[in-house]
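Using the hints provided, position chain B relative to the given structure of chain A.
Quick note, the sequences are listed as chains A and B, same order. Position in the first sequence (first residue = 1) + 5 = the working numbering. Position in the second sequence (first residue = 1) + 2 = the working numbering.
Since the hints were made in silico from the structure, they are not lab data. Computed from a predicted structure; not experimentally measured. Hints may be right or wrong, so weigh each one.
[To be verified] Partial chain A-side listing against chain B, Cβ under 10 Å, derived:
#1 Lys32
#2 Gly58
#3 Phe85
#4 Tyr96
#5 Ala149
[Claimed, not checked] The list that follows gives simulated cross-link-like pairs (lysine-lysine, DSSO-like), each with its CA atoms no further than 27 Å apart:
#6 A:Lys206 - B:Lys7
#7 B:Lys51 - A:Lys214
#8 B:Lys169 - A:Lys206
#9 A:Lys32 - B:Lys37
#10 A:Lys32 - B:Lys143
#11 A:Lys32 - B:Lys234
#12 A:Lys94 - B:Lys232
#13 A:Lys87 - B:Lys232
#14 B:Lys216 - A:Lys214
#15 A:Lys87 - B:Lys143
#16 B:Lys247 - A:Lys214
#17 B:Lys51 - A:Lys201
#18 B:Lys230 - A:Lys201
#19 A:Lys87 - B:Lys247
#20 B:Lys37 - B:Lys143
#21 B:Lys7 - A:Lys32
#22 B:Lys234 - A:Lys107
#23 A:Lys32 - B:Lys247
#24 B:Lys216 - B:Lys247
#25 B:Lys230 - A:Lys87
#26 A:Lys107 - B:Lys232
#27 B:Lys51 - A:Lys32
#28 B:Lys51 - A:Lys206
#29 B:Lys216 - A:Lys276
#30 A:Lys206 - B:Lys230
#31 B:Lys143 - A:Lys206
#32 A:Lys87 - A:Lys32
#33 B:Lys196 - A:Lys214
#34 A:Lys276 - B:Lys143
#35 B:Lys124 - A:Lys206
In this text, a Cβ means the ideal position worked out from N, Cα and C, and glycines have one as well.
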Amino acid sequence: MNTKINIAGVELKNPVMEGSGTFGSGKEYAEFVDLNNLGAVVTKGVANVPWSGNPTPRIAETYGGMLNAIGLQNPGIDAFIKNDIPFLKQYDTKIIVNVCGKTTEDYIEVVEKLRDQPVDLLEINISCPNVKEGGIAFGQDPKAVEEITARIKKAAKQPIIMKLSPNVTNISVMAKAAEAGGTDALSLINTLTGMKIDIHKQTFAIANKTGGLSGPAIKPVALRMVYEVANATNLPIIGMGGIMNADDAIEFILAGAKGVSVGTANFTNPKVTEEVAAGIRAYMEQHNIDDINKLVGIVK
Amino acid sequence: MSKIKETAKVISQEELASGVYSMWISTNEVVKDAKQGQFISIYCNDGAKLLPRPISICEISTNALRIVYRVVGGGTKEFSKYSAGDDIEIFGPLGNGFSINNGNSLLIAGGIGIPPMVELAKSIREAGNTDINIVIGYRDKETFLLNELQALGNVYIATEDGSVGTKGNVMDAIRENDLTADSIYSCGPTPMLKAVQEYGIRLGIKTQLSLEEKMACGIGACLACVCKSKEKDAHTNVNNKRICKDGPVFLAEEVLL
Chain A
6 MNTKINIAGV ELKNPVMEGS GTFGSGKEYA EFVDLNNLGA VVTKGVANVP WSGNPTPRIA
66 ETYGGMLNAI GLQNPGIDAF IKNDIPFLKQ YDTKIIVNVC GKTTEDYIEV VEKLRDQPVD
126 LLEINISCPN VKEGGIAFGQ DPKAVEEITA RIKKAAKQPI IMKLSPNVTN ISVMAKAAEA
186 GGTDALSLIN TLTGMKIDIH KQTFAIANKT GGLSGPAIKP VALRMVYEVA NATNLPIIGM
246 GGIMNADDAI EFILAGAKGV SVGTANFTNP KVTEEVAAGI RAYMEQHNID DINKLVGIVK
Chain B
3 MSKIKETAKV ISQEELASGV YSMWISTNEV VKDAKQGQFI SIYCNDGAKL LPRPISICEI
63 STNALRIVYR VVGGGTKEFS KYSAGDDIEI FGPLGNGFSI NNGNSLLIAG GIGIPPMVEL
123 AKSIREAGNT DINIVIGYRD KETFLLNELQ ALGNVYIATE DGSVGTKGNV MDAIRENDLT
183 ADSIYSCGPT PMLKAVQEYG IRLGIKTQLS LEEKMACGIG ACLACVCKSK EKDAHTNVNN
243 KRICKDGPVF LAEEVLL
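Bound conformation, chain A alone:
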């Protein structure tokens, strides 16, 4: 049985990774999950300099989901290269570094510092809804998406994956803009901007007022968007948004995702990533599928 997938020339042993920001750089979850069993580890977003993130409370649970506004707290690329990459290199899995920034130059500084690092792919976060200065500002205008994609692609040594925001009218337009800018692959979706109000305290449940909604509440939206983008571009897609188990992951694959990321579900079950990988194999056996790639996008 072949569970290997290829994303922009990089072979992953299986399609399962975890959603950036839910898993740190894998150190904490390595107590519960054998990282060798994951197709890749996608790191928390890293910027050119350390970011302190937003005030607390940074999260709030909602029906079938959660809001977060962590604000991309990260140690900065230099500390990341020193501490996190050597940790991940101990494992037989691919390393996908999620890159964030406030300006195009910030992103370029990070990808340039990663040129000579043993990193396999770069996921470019142009879709964080919780950082005012950058992030999503790039992800909601097709011209800006194309331009930043082209500039990062030029600076990057590793293949790049543009991570798209669902907070747009037509995500296919953004996907095509990233394709025109030369991206090698796409990740979608990031979180949906949402809000929760504490009626007893009569204030916002999270300090940032708004946060990104994730979890099973957003899965139908994410699946629809993956399907649309799969039919609008020829790029490999990493699908995510509310995947809680192998069945959910298989839905994304059938809709057109080559890879799948498990995010919020890590908080509900620290072993979930490994369980999703095992569940996909069980499904393939049950349905006599000898190659995972034969499932990608077959529901038209």
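Just chain B now, kept in the frame of chain A:
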């Protein structure tokens, strides 16, 4: 110290005061390395509630843990309905816990910060320190865990409405009874911890504070539950510490409340 997710069983449950419940849980794994001041995460059966609820450990026994918690929302309401024999999904033990110092001790707690004081006072006694003053604050005459704490130290009570003990907060009770110590251990609402922090630092008393924040992963990965710290944290390289992993117990000098 290994953290583990375990399907445990409820041994017993009772309501100690309005909305405050005590549950004994039978566990073989999570209890193994548990110590005073640590917490466990409890998962809801309701699949629409994705995040486990972090709840402090009140007492540790042979193959059993006791939690005392307040019903504050749908998740804790679900837990309050569990009865003997029910399965309960728990994850832990989480966090660092209190370190025991020698000498006389002052335990200061308010509201739902009171429960971890029970195991803490037991551990302080087990370490050979019997001079323990415990100052606890309640809203009103609906007290809880009083018998347990009175068996472990001299208890001073403050209530917001003055119905029991000193009228006011724990600091009022400390002043009224002229209490001091070699070490302070504290858990409770942030305004209380701020006052304790200021008091401990001003008098040069070794002071440990147990903090609370909304959590998601509970193991230091997601960076939801941070507090401001004086020094840059080695993990994140910014002035934030993770309450779930680096805490919940911090030295008074370490954190900015």
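A quick look at each hint next to the structure:
The interface hint given for Lys32 (chain A) is met, as the beta carbon of that residue sits about 8 Å from the closest beta carbon of chain B, less than 10 Å. Checking Gly58 (chain A) against chain B: minimum C-beta separation of about 7 Å stays under 10 Å; hint holds. With a least beta-carbon distance of about 9 Å to chain B, the hint placing Phe85 (chain A) at the interface is held under the 10 Å criterion. Given hint, Tyr96 (chain A) at the interface with chain B, is violated; its Cβ is 16 Å from that chain's nearest Cβ, farther than 10 Å.
Taking 10 Å as the C-beta cut-off, the interface hint given for Ala149 (chain A) is violated, the closest approach to chain B being about 27 Å. Note on Lys206 (chain A) and Lys7 (chain B): the hinted pairing is violated, with a Cα-Cα distance of about 33 Å set against a maximum of 27 Å. A C-alpha spacing of about 21 Å is found between Lys51 (chain B) and Lys214 (chain A), which places the hinted pair at or below 27 Å, so the restraint holds. At most 27 Å may separate the alpha-carbon atoms for a hinted pair to count; Lys169 (chain B) and Lys206 (chain A) meet this at roughly 25 Å.
Annotation: proposed proximity of Lys32 (chain A) to Lys37 (chain B) holds, straight-line Cα distance about 23 Å (limit 27 Å). With a CA separation close to 46 Å, the supplied pair Lys32 (chain A) and Lys143 (chain B) exceeds the 27 Å bound. The suggested pairing of Lys32 (chain A) with Lys234 (chain B) holds, with an alpha-carbon distance near 19 Å, which does not exceed 27 Å. A hinted pair counts as satisfied when its Cα atoms are at most 27 Å apart, and Lys94 (chain A) with Lys232 (chain B) does not qualify at roughly 32 Å.
Taken as a hint, the Lys87 (chain A) and Lys232 (chain B) pair is honoured in the structure, with Cα atoms around 23 Å apart against an allowance of 27 Å. Restraint check for Lys216 (chain B) and Lys214 (chain A): the C-alpha separation of about 15 Å stays at or below 27 Å, so the hint holds. Between Lys87 (chain A) and Lys143 (chain B), the direct Cα distance comes to roughly 55 Å. Violation of the 27 Å bound is thereby established for this hinted pair. Between the alpha carbons of Lys247 (chain B) and Lys214 (chain A) the distance comes to roughly 26 Å, so the proposed pair stays at or under 27 Å and holds.
Using a Cα cut-off of 27 Å, the hinted pair Lys51 (chain B) and Lys201 (chain A) holds, with the two alpha carbons roughly 15 Å apart. Taking the CA atoms of Lys230 (chain B) and Lys201 (chain A), the gap is about 24 Å. The hint holds against a cut of 27 Å. Proposed proximity of Lys87 (chain A) and Lys247 (chain B) is supported: the alpha carbons are some 21 Å apart, at most 27 Å. Note on Lys37 (chain B) and Lys143 (chain B): the hinted pairing is violated, with a Cα-Cα distance of about 30 Å set against a maximum of 27 Å.
For the given pair, Lys7 (chain B) sits about 17 Å from Lys32 (chain A) by alpha-carbon distance, which is consistent with the 27 Å threshold. Restraint check for Lys234 (chain B) and Lys107 (chain A): satisfied, since their Cα atoms lie roughly 22 Å apart, inside the 27 Å limit. Between Lys32 (chain A) and Lys247 (chain B) the alpha-carbon distance is near 12 Å, which keeps this suggested pair within the 27 Å criterion. At most 27 Å may separate the alpha-carbon atoms for a hinted pair to count; Lys216 (chain B) and Lys247 (chain B) meet this at roughly 13 Å.
Simply put, Lys230 (chain B) and Lys87 (chain A) have alpha-carbon atoms about 24 Å apart, close enough for the 27 Å limit, and the pair holds. Restraint check for Lys107 (chain A) and Lys232 (chain B): satisfied, since their Cα atoms lie roughly 26 Å apart, inside the 27 Å limit. Our distance criterion of 27 Å between C-alpha atoms is met by Lys51 (chain B) and Lys32 (chain A), whose separation comes to about 26 Å. Distance check on the hinted pair: Lys51 (chain B) and Lys206 (chain A) sit about 21 Å apart at the alpha-carbon level, within 27 Å; holds.
For the hint linking Lys216 (chain B) to Lys276 (chain A), the alpha-carbon distance of about 22 Å falls within 27 Å, and the restraint holds. Of the pairs offered as hints, the one joining Lys206 (chain A) and Lys230 (chain B) holds, with about 23 Å between alpha carbons and a cut-off of 27 Å not exceeded. A hinted pair counts as satisfied when its Cα atoms are at most 27 Å apart, and Lys143 (chain B) with Lys206 (chain A) qualifies at roughly 24 Å. Straight-line distance between C-alpha atoms of Lys87 (chain A) and Lys32 (chain A) comes to about 14 Å, which keeps the hinted pair within the 27 Å bound.
A hinted pair counts as satisfied when its Cα atoms are at most 27 Å apart, and Lys196 (chain B) with Lys214 (chain A) qualifies at roughly 25 Å. Of the supplied pair hints, the one linking Lys276 (chain A) and Lys143 (chain B) is violated, its CA atoms being roughly 44 Å apart against a limit of 27 Å. As the CA atoms of Lys124 (chain B) and Lys206 (chain A) are separated by approximately 36 Å, the hinted pair breaks the 27 Å bound.
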